[in-house]
Amino acid sequence: MHDKRPAIFHHFSLLNHVFFFFFIIRDAQLFVEKFEGALGKGKGRRLYAYKVMMAKKLIKFNRDFDNFKTACIPWERKIKEVESHFGSSVASYFIFLRWMYGLNLVLFGFMFGLVVIPEVLMGLPYGSIPRKTVPRSEQARAMDFSVLFDFGGYCKYSILFYGYYNNKRTIGLLKFRLPLSYLLVGFGIFGYSLMVVTRTMARNANEGGDGAEDGAFIFSWKLFTSWDYLIGNPETADNKYASITTSFKESIVDEQMNQKDENVHLRRFLRILANLLILCSLAGSGYLIYYVVRRSQDFAQMDDEELSWFDKNEVEFVMSLLGLVCPPLFETIAELEDYHPRIALKWQLGRIFALFLGNLYTFLFALFDEVQGKLEREKSIKNATEWALKEYYANYTAFHNTTELPPPHIDPADAIRGPCWETSVGIEFMRLTVSDIQVSYLTILIGDFLRAIAVRFLNYCWCWDLEAGFPSYAEFDISGNVLGLIFNQGMIWMGAFYAPGLVGINVLRLLSSMYYQCWAVMSCNVPHRRVFKASRSNNFYMGLLLLVLFLSLMPVIYTIMTLSPSFDCGPFSGKERMYDVIIETIDRDLPSFMGTIFGYVSNPGLIIPAVPMYGNQNPKEPKRQLKRSSSVQCLRSQGQGQARMNALKQQWHNLAQ
Numbered sequence: 001m002h003d004k005r006p007a008i009f010h011h012f013s014l015l016n017h018v019f020f021f022f023f024i025i026r027d028a029q030l031f032v033e034k035f036e037g038a039l040g041k042g043k044g045r046r047l048y049a050y051k052v053m054m055a056k057k058l059i060k061f062n063r064d065f066d067n068f069k070t071a072c073i074p075w076e077r078k079i080k081e082v083e084s085h086f087g088s089s090v091a092s093y094f095i096f097l098r099w100m101y102g103l104n105l106v107l108f109g110f111m112f113g114l115v116v117i118p119e120v121l122m123g124l125p126y127g128s129i130p131r132k133t134v135p136r137s138e139q140a141r142a143m144d145f146s147v148l149f150d151f152g153g154y155c156k157y158s159i160l161f162y163g164y165y166n167n168k169r170t171i172g173l174l175k176f177r178l179p180l181s182y183l184l185v186g187f188g189i190f191g192y193s194l195m196v197v198t199r200t201m202a203r204n205a206n207e208g209g210d211g212a213e214d215g216a217f218i219f220s221w222k223l224f225t226s227w228d229y230l231i232g233n234p235e236t237a238d239n240k241y242a243s244i245t246t247s248f249k250e251s252i253v254d255e256q257m258n259q260k261d262e263n264v265h266l267r268r269f270l271r272i273l274a275n276l277l278i279l280c281s282l283a284g285s286g287y288l289i290y291y292v293v294r295r296s297q298d299f300a301q302m303d304d305e306e307l308s309w310f311d312k313n314e315v316e317f318v319m320s321l322l323g324l325v326c327p328p329l330f331e332t333i334a335e336l337e338d339y340h341p342r343i344a345l346k347w348q349l350g351r352i353f354a355l356f357l358g359n360l361y362t363f364l365f366a367l368f369d370e371v372q373g374k375l376e377r378e379k380s381i382k383n384a385t386e387w388a389l390k391e392y393y394a395n396y397t398a399f400h401n402t403t404e405l406p407p408p409h410i411d412p413a414d415a416i417r418g419p420c421w422e423t424s425v426g427i428e429f430m431r432l433t434v435s436d437i438q439v440s441y442l443t444i445l446i447g448d449f450l451r452a453i454a455v456r457f458l459n460y461c462w463c464w465d466l467e468a469g470f471p472s473y474a475e476f477d478i479s480g481n482v483l484g485l486i487f488n489q490g491m492i493w494m495g496a497f498y499a500p501g502l503v504g505i506n507v508l509r510l511l512s513s514m515y516y517q518c519w520a521v522m523s524c525n526v527p528h529r530r531v532f533k534a535s536r537s538n539n540f541y542m543g544l545l546l547l548v549l550f551l552s553l554m555p556v557i558y559t560i561m562t563l564s565p566s567f568d569c570g571p572f573s574g575k576e577r578m579y580d581v582i583i584e585t586i587d588r589d590l591p592s593f594m595g596t597i598f599g600y601v602s603n604p605g606l607i608i609p610a611v612p613m614y615g616n617q618n619p620k621e622p623k624r625q626l627k628r629s630s631s632v633q634c635l636r637s638q639g640q641g642q643a644r645m646n647a648l649k650q651q652w653h654n655l656a657q
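UniProt numbering puts the sequence shown at residues 1 to 657.
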């Protein structure tokens, strides 16, 4: 037995050398197969060089194409510059503004291509019918700037508003169904917006939930991996330096808030007190708006010459003033709560959202009270018109002794017409939007630009340090600007049905706001004293926008399903309800069974569950699942192979001993 162990050891040692030699030969064979073209001569070497060159060209092309796609993103460089100096929280507003611009650009394409262009190209020209003609009593002042600025005169009887569009079932040589298109586009705006918002929320949720280990070793990662060594432009290097500095400030604030000790009972008392003060402010603003809207209804019964400019624009002025004064007041009260800046921003957004929403719905309730009065006036005017026509026909048959009656010849400017309440509602939304634009731009010009000039040049000759003390440079108001965008978009969704031109005005407003506010924030504002990092997803903004979308849909549905359209203006004149256009189309143009199918498809019990299912579906999720499953299988196979190798080594070791 003593003589056999060395022999067995010798045999296994020899076997080990054979296996080792076999592995070396296999690796050498793989190396030769891989670099056969480079090792050989002639055509093989040239072919290999060509493959290597094409691979490098392909890598360079992919890199350049990625850079080209990044350069094609609108305002990407401006937003990155803002982010490097002011942090991700301020940059999130401009990203949201860019997203809103893209959404409104698509909505403008729908409204302009399917409603405005068909009416302009195939409809009756201006001055042919009363709804497209300025009344003779208004023609003297129809081109005055003050009248046009209030969307009266020629603006009131233009393609900007509901009353201009014809009620003929088909228009032009193409037999385009304008009333049906108007109604479907009105619903399509809400449908497309709902689809885009829900899909964006689903994508943000999936993108924001992958990094579970991002909170580990934050400062080490930022210290050793933040710099980009490919930067060759001095301006880009300065922006990157500012971005890294801001990123460290954000992380330091988060770390300080996590280690903070506080008096719990005092903090709860101050937060309850702050909420009570804000609730009182919200109630007072709602009552003030309701009061001024009721006053405006009294002013509407008076002569315009007896009213001043402030009396005519009192509602828009008060709503804009509340939107200007209340957010800073809320921010001052919120200092009592001492939340983390990110949480404080969400509370501030929620409170300003409640303010804007309460003001808007108070305005709508008072406005629809006025609509009911105009509907009563329309009924009396319609009855008087019908009575006048009957009297005309009776007198004509009595004098001419005939039954063929030509219609009475009346100039369109002299025709009797109703108040056209849809156009009146559209004018109110248009005035509110323009007033909001004016107040926003003047606030930036006076509150930021002139303030920055005064601080910059008067600081040398003042009694105290204007930069460190009062008034100092302004900070960018994230919550007020975000809620201003959401509130403005809610007005666009509601008002686009009554004023098709409102979407185009909003596109111009968003386009100019991007350049104007980027200039203002870079030249007039300073970073926040407590810089904080925005959340990885903007779903809080999107959640507020989705809520505004549903609340904006309610007044439009109430209009379509409940109120009677005006009898002498708009594409639905002559019908009992606006939705009669769809019923008429189904009865005349489609087979009978299509009505039954349409009734089932339009069932709310089927539509409501389908919306969240569609929103939660992510087209990238199957690829991610496939990638995760393949990586898991790869890890399992690697683990099994490693286990087998360890077992084989252990057996060899035991036999060797």
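FYI, nobody ran anything at the bench for these hints, they're computed from the structure.
Certain hints may be false.
No farther apart than 25 Å at their CA atoms in a straight line, the calculated lysine-lysine pairs in the PhoX-like style are these [said to hold, decoys possible]:
1) K249 - K80
2) K374 - K240
3) K374 - K80
4) K56 - K69
These are the hints, each one checked on the structure:
1. About 17 Å separates the Cα atoms of K249 and K80, which keeps this hinted pair within 25 Å; it holds.
2. About 60 Å separates the Cα atoms of K374 and K240, which puts this hinted pair outside 25 Å; it is violated.
3. Between K374 and K80, the direct Cα distance comes to roughly 51 Å. Violation of the 25 Å bound is thereby established for this hinted pair.
4. Distance restraint check for K56 and K69: the Cα-Cα separation of roughly 20 Å lies within the 25 Å cut-off, and the hinted pair is therefore satisfied.
When each numbered hint is compared with the structure, violations occur for hints 2, 3.
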